[in-house]
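Protein chains in written order, with my numbering: chain A, 134 to 229; chain B, 30 to 166.
No wet-lab data here; the hints were simulated from the structure.
It is possible that part of the hints are untrue.
Computed footprint of chain B on chain A; a stretch qualifies when at least three of its residues, placed anywhere within it, have a C-beta under 8 Å from a C-beta of chain B [claimed, not checked]:
1) 168 to 181
2) 187 to 193
3) 204 to 216
Ideal Cβ positions, reconstructed from N, Cα and C, are used throughout, including at glycine.
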Amino acid sequence: VAEETKRLPNSWTGGRVLGAAEQAEFDAFAARARALGLSENPYRIGSWGRIVNGKFEEVTRIDIAEIGKPGWRGKTHIHIRGQKGHLDPKTPLPGE
Amino acid sequence: MLLASGQWIRLEYLHDAKVLSVLWDSADPGQRRLILDVVCDPDSEDDEWRNRQLQIILSDAVAVLFRAWGHSVGDEVLDSWRNEVSTEMRNRLKELSQSGIAVPDAQFTIAFASGSTLQVVCREVSVEDFGPGNEKL
Chain A
134 VAEETKRLPN
144 SWTGGRVLGA
154 AEQAEFDAFA
164 ARARALGLSE
174 NPYRIGSWGR
184 IVNGKFEEVT
194 RIDIAEIGKP
204 GWRGKTHIHI
214 RGQKGHLDPK
224 TPLPGE
Chain B
30 MLLASGQWIR
40 LEYLHDAKVL
50 SVLWDSADPG
60 QRRLILDVVC
70 DPDSEDDEWR
80 NRQLQIILSD
90 AVAVLFRAWG
100 HSVGDEVLDS
110 WRNEVSTEMR
120 NRLKELSQSG
130 IAVPDAQFTI
140 AFASGSTLQV
150 VCREVSVEDF
160 GPGNEKL
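Excised from the complex, chain B in its bound form (with noise of 0.2 Å):
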């Protein structure tokens, strides 16, 4: 299912989703994909999502930056999902379409709560329902 730009806030629900895997899709020599695989809290106030193992693809990324922490163990989940990046990257983008690279509108922030964080600057959003939460993607 795609998301349209007026629903990515729908992604904040996705707070505390157990995060199984991010990954960095080469498969298709168009376009890189960041993939996160996730079953959603439980106790998520989004009926549709609560509880269900999703798989969001951000595609055509044209820029992740990823800071992850290993040392806090137990299960990783997502603490927040924000429609912004921080002026690094904001920076890189700069200069990526100051050189003719074409960049796209969706950028996100994923914090994680290690304390990791991912941003992605894509051009589209969909999500993936694989059913009940059963982490067996």
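Chain A with its partners taken away, still in its complex shape (with noise of 0.2 Å):
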């Protein structure tokens, strides 16, 4: 599933296929979630969390800059829930 979505327009590419800096944020993002035992959105790339009572339960979430668009979607960054505000990458997740 998770490769057929990377290329449909639900995920954070917008059905582009990602480039290797893109794919290399993502996969070491991912890296440091699964270390942490958390599972992936399976129609969210990036998207990071847990399934509880049957549901899934974000804890992470990755957006990657694109280039050209304004504002937040313009600038690599990650979201933890309970904190606020779009944070940097290297900011510690909850467990680490």
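Build the complex from these two chains, which are given one at a time in their own frames, with help from the hints.
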């Protein structure tokens, strides 16, 4: 499912084929999330969380910058549940 | 406030807006509308929209494809707003056009953090400001 999802317009990428640098950022973040035992939302690349009572609860999400996009769409950042705002990707995840 | 086509880029600033509802409005027999109620992100870089509760009205919608995933709980937020639609939608529009249906120029794909997507083809976009975000529309 994940490979198919990356080509669909429901991901952060809008259906674009990811560039090597973008893929590397997603992969690096995925490695951190997996090390914490998190699972990826099958329909949104870069969104990691836990399955609780049959639902997906997001813990953290990375938004990779897209060249030419205004505002936060143009800047790579992460979100962490319980922490406000757009965070530096180097911000420790809960448990790191 | 009507958004002219040259201002649609501004809709990109709805990134991380909390989505309260998506409404298919058929109250007016002369047209269909797609309405999104959102609260803009307090961290938004759009000074005018920051932390405001907005109603985004997509008027005279001739086609909507909504693939919604409810498996993801917590706030639903708007991920991206693109001025394009999928190949599948373009093929459907071509069929409509060939049958004589007028296909308008405003064509958007709105992605949500859950992975849900909403494709809309409509005539115009307007934004109503309901003040500071309080989620009481």
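Would you check chain B against the segment 204 to 216 of chain A, counting CB to CB pairs closer than 8 Å, and say if three or more residues qualify?
-> Contact hint for the segment 204 to 216 of chain A vs chain B: holds, 5 residues under 8 Å.
Verify the coverage statement for the segment 187 to 193 of chain A against chain B, using a C-beta to C-beta distance below 8 Å and requiring 3 or more qualifying residues.
-> holds (count 4)
Chain B covers the segment 168 to 181 of chain A, three or more CB atoms within 8 Å, holds or violated = holds (count 5)
Of the numbered hints listed earlier, not one is contradicted by the structure.
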